[in-house]
Amino acid sequence: MRTSEDWHRRDLSHFRRTTGADLFDVHEHFADWLSTARPGGYHLYEAAAHSAPSTSIRMSAHGDALINLASYNYLGLSVRPEVRAAAARALETYGLGAAGSPHLSGLLAVHEELAEAIAAFKAVESVLLFPTGYSANVGTISALVGPGDVVITDILAHASILDGCAMSGATTRLFRHNDCESLEKKLAGTTGRVLVVVEGVYSMDGDVAPLDDIAALCRRYGARLMVDEAHSAFVFGEHGRGVVEHFGVEDQVDIHLGTLSKSLGGMGGYVGGTRQLIDYLRPYSRSQVFSCALAPAVVGGLVEAVRIARDEPQLRAKLWANVHTMREALVSRGVDVGDSASQVIPIMVRDDVGIFPITEELMAEGVFLNPVRYPAVKRNQSRFRVSVSAAHHPDELVRSAEIIATVLARHGVIA
Amino acid sequence: MTRYGFDRALSALFLADYDGLRAQLPDGLWPLEAQTGFGIVAVTAFDFVDSEVGAYGELVFSVLVPPFAPPGEALPDAAYFPFFLATTTEASRTHAAERWLLPAHASCLDIAFDGDESRRFVTVSDGDAPVLRLQVGEIDAVAGTRRYQCFSSDGEALHRVFIDIEGALDEHEEERGHLELARHPIAALLGDVIEDELPFREQSMARGEQRFGELLAHGGRA
Numbered sequence: 001m002r003t004s005e006d007w008h009r010r011d012l013s014h015f016r017r018t019t020g021a022d023l024f025d026v027h028e029h030f031a032d033w034l035s036t037a038r039p040g041g042y043h044l045y046e047a048a049a050h051s052a053p054s055t056s057i058r059m060s061a062h063g064d065a066l067i068n069l070a071s072y073n074y075l076g077l078s079v080r081p082e083v084r085a086a087a088a089r090a091l092e093t094y095g096l097g098a099a100g101s102p103h104l105s106g107l108l109a110v111h112e113e114l115a116e117a118i119a120a121f122k123a124v125e126s127v128l129l130f131p132t133g134y135s136a137n138v139g140t141i142s143a144l145v146g147p148g149d150v151v152i153t154d155i156l157a158h159a160s161i162l163d164g165c166a167m168s169g170a171t172t173r174l175f176r177h178n179d180c181e182s183l184e185k186k187l188a189g190t191t192g193r194v195l196v197v198v199e200g201v202y203s204m205d206g207d208v209a210p211l212d213d214i215a216a217l218c219r220r221y222g223a224r225l226m227v228d229e230a231h232s233a234f235v236f237g238e239h240g241r242g243v244v245e246h247f248g249v250e251d252q253v254d255i256h257l258g259t260l261s262k263s264l265g266g267m268g269g270y271v272g273g274t275r276q277l278i279d280y281l282r283p284y285s286r287s288q289v290f291s292c293a294l295a296p297a298v299v300g301g302l303v304e305a306v307r308i309a310r311d312e313p314q315l316r317a318k319l320w321a322n323v324h325t326m327r328e329a330l331v332s333r334g335v336d337v338g339d340s341a342s343q344v345i346p347i348m349v350r351d352d353v354g355i356f357p358i359t360e361e362l363m364a365e366g367v368f369l370n371p372v373r374y375p376a377v378k379r380n381q382s383r384f385r386v387s388v389s390a391a392h393h394p395d396e397l398v399r400s401a402e403i404i405a406t407v408l409a410r411h412g413v414i415a
Numbered sequence: 001m002t003r004y005g006f007d008r009a010l011s012a013l014f015l016a017d018y019d020g021l022r023a024q025l026p027d028g029l030w031p032l033e034a035q036t037g038f039g040i041v042a043v044t045a046f047d048f049v050d051s052e053v054g055a056y057g058e059l060v061f062s063v064l065v066p067p068f069a070p071p072g073e074a075l076p077d078a079a080y081f082p083f084f085l086a087t088t089t090e091a092s093r094t095h096a097a098e099r100w101l102l103p104a105h106a107s108c109l110d111i112a113f114d115g116d117e118s119r120r121f122v123t124v125s126d127g128d129a130p131v132l133r134l135q136v137g138e139i140d141a142v143a144g145t146r147r148y149q150c151f152s153s154d155g156e157a158l159h160r161v162f163i164d165i166e167g168a169l170d171e172h173e174e175e176r177g178h179l180e181l182a183r184h185p186i187a188a189l190l191g192d193v194i195e196d197e198l199p200f201r202e203q204s205m206a207r208g209e210q211r212f213g214e215l216l217a218h219g220g221r222a
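Chains as they are written, first to last, in the working numbering: chain U, 1 to 415; chain Z, 1 to 222.
Hints were generated in silico from the structure; no laboratory data involved. Built from N, CA and C at the ideal position, the CB exists for glycine as well. Among the hints, a few may not be true.
[To be verified] Computed far set for chain Z versus chain U, every beta-carbon distance over 12 angstroms:
#, residue
1, Met1
2, Thr2
3, Glu98
4, Ala112
5, Asp114
6, Thr123
7, Asp126
8, Ala143
9, Ile163
10, Glu180
11, Arg183
12, Phe212
[To be verified] Here chain Z is said to cover these stretches of chain U; the calculated rule only asks that three of the stretch's residues, wherever they fall, bring their Cβ under 8 angstroms from a Cβ of chain Z:
#, stretch
13, 16–28
14, 378–386
[Unchecked claim] DEER-style ranges, computed between Cβ atoms:
#, chain 1, residue 1, chain 2, residue 2, range
15, U, Ala31, Z, Gly219, 21 to 31 angstroms
16, U, Gly192, Z, Arg183, 16 to 26 angstroms
17, U, Asp22, Z, Gly127, 43 to 53 angstroms
18, U, Tyr280, Z, Gly127, 52 to 62 angstroms
19, U, Ala321, Z, Gly144, 40 to 50 angstroms
20, U, His8, Z, Glu175, 15 to 25 angstroms
21, Z, Asp140, U, Arg275, 52 to 62 angstroms
22, U, Pro39, Z, Asp7, 40 to 50 angstroms
One chain only, chain Z, in its complex shape (with noise of 0.2 angstroms):
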């Protein structure tokens, strides 16, 4: 068990062109479909407090997949295959590419989490330029957990992870929110996919645990 703990957690489900997403899966693995023609790419950012490599920020692009759930295992919440993740420390890229093989950002980014007790904001600066700046709205935040599913690539074989995030938690679809992309190549892996700047779910999470099961392997080519 791998722990990280965190202060601030923002994520937001946005509606992307199904192939669109398609494109960044190995095979092996294909977007679960929100609606007819559509999947979904999440945007989460965390700030991390407590980890094996120290303090960090780190920003995640998901795509949600189906999950692996045989018969006798349990099955998640939801799945996800990561395909950009940047982090403000050399130490957590490095960690996060080695150990659980996640697609880490040649070099680092500014990310900081402001806002108040009814929305919250995470910016993304690489340098100078900027990257993102997403608002996640929070309605009431009670304390519960969630069991994800992480898929990942080693560029021959996938490789799959369960993740509890615990911690305050606050879902919802009322809008909320909303995703500004700045002219920069890491928004533009968003900006070329997603329908809507409104995510159609919103999710705060606060001072709270992310642990990590034992990564494996999945089977298949990569």
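With the rest of the complex left out, here is chain U (with noise of 0.2 angstroms):
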């Protein structure tokens, strides 16, 4: 008879694949599995939200309000007035879907329009826009590298680019998280065409890619460098151009990608480049050429966020000025926030199981956050990720500070 507490020995990596005599046999395993690990934790993944993932949100109908620690929405402009006006309105002109691939009838003229826009904010020459950020990924080093090319990428890099490696053929080489002498090492190793793929900040510990080392690294040995700013776009650099402002490097990286989901609030990614690199994806994207374009009505709201962005530089004076008020508080209250230098701030809990009934705890006292453990981060590496909005209120977040030291100290995780 399975017990309870049989689940906590077994997590999500052990039932990747099995071998047997029908491809659904590890099917069995795991529903046994999830049938006790769901009440033991697990249903606090893929839970349904009831409203706008704003500072606030709610997880059931007629629940509370809760301080929303969770989305990605750093400037909070996918609930700002005047982007839903922009998304209805191009939900009115172009309808819901558009209808088709990009490369053939699927290309509208708000999909131009934002392309534009993103590559004049970026201050590239051109941007071609694909379906996510995880297509963007896919379909760009798919399209670049390939089979006795070389992709060098950090060890935490996002599953796109590792599955965009894979799906390649280019031979993939791992350094260790922002080690520029492990990258080194690597290239030094290495002969042949290479691409070097990093991220401007790393979206599980918040911290953010010496990339000015990477892309010295990069010209040194005459490596084409490919930065994946998903988190940094919009809000790092004195413009909101992202890490490769914030380090001065822009006219040294080849390759700018991004997502249209994080700080912009909509769907979608992007990548960015010279007007050659771009002519050159927009027919060799997989990802992009054999998926639908973006539907209309997200497309014309994101036009409305990228001119936010680009008008309102304020709002990136007050994520900084907030990401300072939270981490303080945080900090000043003994909770363990790691290496992080951005809006996205971890809270270090370490214990696989324990963190649990604290995300419970914290959301039966006003406060959603999800509880990110292995193998999202290393075993005992469990851990909470706050995402700073510029939308929060700084009291929002040092009352919330205040709640996640309380019950972190009733658990033991501090003093």
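Build the complex from these two chains, which are given one at a time in their own frames, with help from the hints.
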């Protein structure tokens, strides 16, 4: 008889594959495990919200609103009235879907407007849109490299980067996280054409890639450099152009990639660079060619979101003030926030089982956070990941920090 | 049931090139992906003190593979295919090859354990020639058991056996370990495939027992 404690011994990594006569053999094991893991804590994943992912969120139809520290809405743009109105106008003009690949009938004027707006914002010659950030990485990497080429990427690179590498057929090498010595070792041991792929801000730790040093190494070894700014574009840098602007290396980066779902609050991905690069990617990035173009309502809203990000630099100033407020509020209460240097602030719990009841207590006390645990992070490196937004009121953040510290102390995570 | 008592065992798991690992496996098995494009190789050493072939040291290189677990059978904690095994005595090498169909090296190696409560080491040499030195960090060993599945091949067909390990177990991903490979053909088996000398998972076991179940034909050709 399985007990409720048994699920602790397993995690998602145990059910990835089995061998056996039937492809579905593993499903029974997984279902058996999930039947106890879900009530044990996994019900906290894929929980449907009943409101917009704003600074507050309702996790049940009639429940109280919780302070939302979990959504990527870094500039609060997903719920801005101007953005909603622009999305509604695009919906009225174009209807629900683009009804085709951008390579054929799906490209609408509003797509071109958005691509040009992002290119101007990022100060690159041209931009290509993708249905998601995931498909942007997969489509870009697999279009640019192939068998015989080498991709060197950070060991903590996003799954979409690794999946793009695998799809490309190129040899993939990993260097230690944000470790330029390790990167140089890989570069020195590699011959042939090399693409280095890093992220601007790493989403699980909130730390920033040392792009100045990485760019210098790429120059020294003749490697092309691609930077995924999913969590840093529109928020880092004086003008919001990302970590590349923050480090002053915009002209040393060959491929600028990002998402439209985080700081801009919409959906999709983009890649930017020279016109020649983008013209090449347009027919060869299969994840874009063989997908329907982005929904026009989303794109219409994004055009307005980019305008706001450009015209309201005070939003970035407010975001960074909020980040400072939240970090100070947490650290002063003894909370371990790791090495974060961004608006993504991990709260280290380091208890893969205990994090679930802590999550439930936080929700009961009015704070919404997602538990992050193995295999998303290393074993016993479980954490919450606070996403600070410019839209948060500083009082909300301080109040959240008080609740978080109180609950963590109650569970012995902090003194 | 075949029992092997050990005083000390160290194991470290490394990310490794998928295709490089695939080349070490017989038909019917393939590497378990840790991340897209990367499998896992395990370096394990035992200091056996009690077995039917006496006391001996053992070094094993294995590829982690998906377990065989049809509905109704227990799902093991992990499954391994050892592609290299060396011991310190001829009797134990012969035993491993004949009883468990494991790929025993043709000659004996020297396998020595040392370290303290926070860092454990195993040093392997081939006569005067160093092979490798593995460091594993130890944090908090607690009594526990693990059930593993081990695949082996007789050159024509695959076989499998459950292995239960019981003892004081310490397992973590705190990046305290290190693998130092010498210029040696045995070390090259690892050097050619692992991504980094830093293991992503470390295991230390003490004063325990390894229990092998019945070796079963797995079906399919090797």
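Right, here's what the structure says about each hint:
1. Met1: 23 angstroms, holds
2. Thr2: 24 angstroms, holds
3. Glu98: 25 angstroms, holds
4. Ala112: Holds, since 29 angstroms exceeds 12 angstroms.
5. Asp114: 26 angstroms, holds
6. Thr123: Non-interface label on Thr123(Z) holds, nearest chain U Cβ at 24 angstroms vs cutoff 12 angstroms.
7. Asp126: 26 angstroms, holds
8. Ala143: Since the minimum Cβ distance to chain U is about 14 angstroms, Ala143(Z) lies beyond 12 angstroms and the statement holds.
9. Ile163: 17 angstroms, holds
10. Glu180: Check passes; 15 angstroms lies beyond 12 angstroms.
11. Arg183: Holds: least Cβ distance 16 angstroms, greater than 12 angstroms.
12. Phe212: Non-interface label on Phe212(Z) holds, nearest chain U Cβ at 20 angstroms vs cutoff 12 angstroms.
13. 16–28: Coverage by chain Z holds for the stretch 16–28 of chain U (10 residues, Cβ < 8 angstroms).
14. 378–386: This one holds; 4 residues, not fewer than the three required, reach chain Z with a Cβ under 8 angstroms.
15. Ala31(U) with Gly219(Z): 21 to 31 angstroms: Roughly 25 angstroms apart at Cβ, these two residues keep to the hinted range, so it holds.
16. Gly192(U) with Arg183(Z): 16 to 26 angstroms: 25 angstroms, holds
17. Asp22(U) with Gly127(Z): 43 to 53 angstroms: 50 angstroms, holds
18. Tyr280(U) with Gly127(Z): 52 to 62 angstroms: Roughly 57 angstroms apart at Cβ, these two residues keep to the hinted range, so it holds.
19. Ala321(U) with Gly144(Z): 40 to 50 angstroms: 48 angstroms, holds
20. His8(U) with Glu175(Z): 15 to 25 angstroms: Check passed, 23 angstroms falls within 15 to 25 angstroms.
21. Asp140(Z) with Arg275(U): 52 to 62 angstroms: 57 angstroms, holds
22. Pro39(U) with Asp7(Z): 40 to 50 angstroms: 41 angstroms, holds
In summary, the structure agrees with every hint in the numbered list given earlier.
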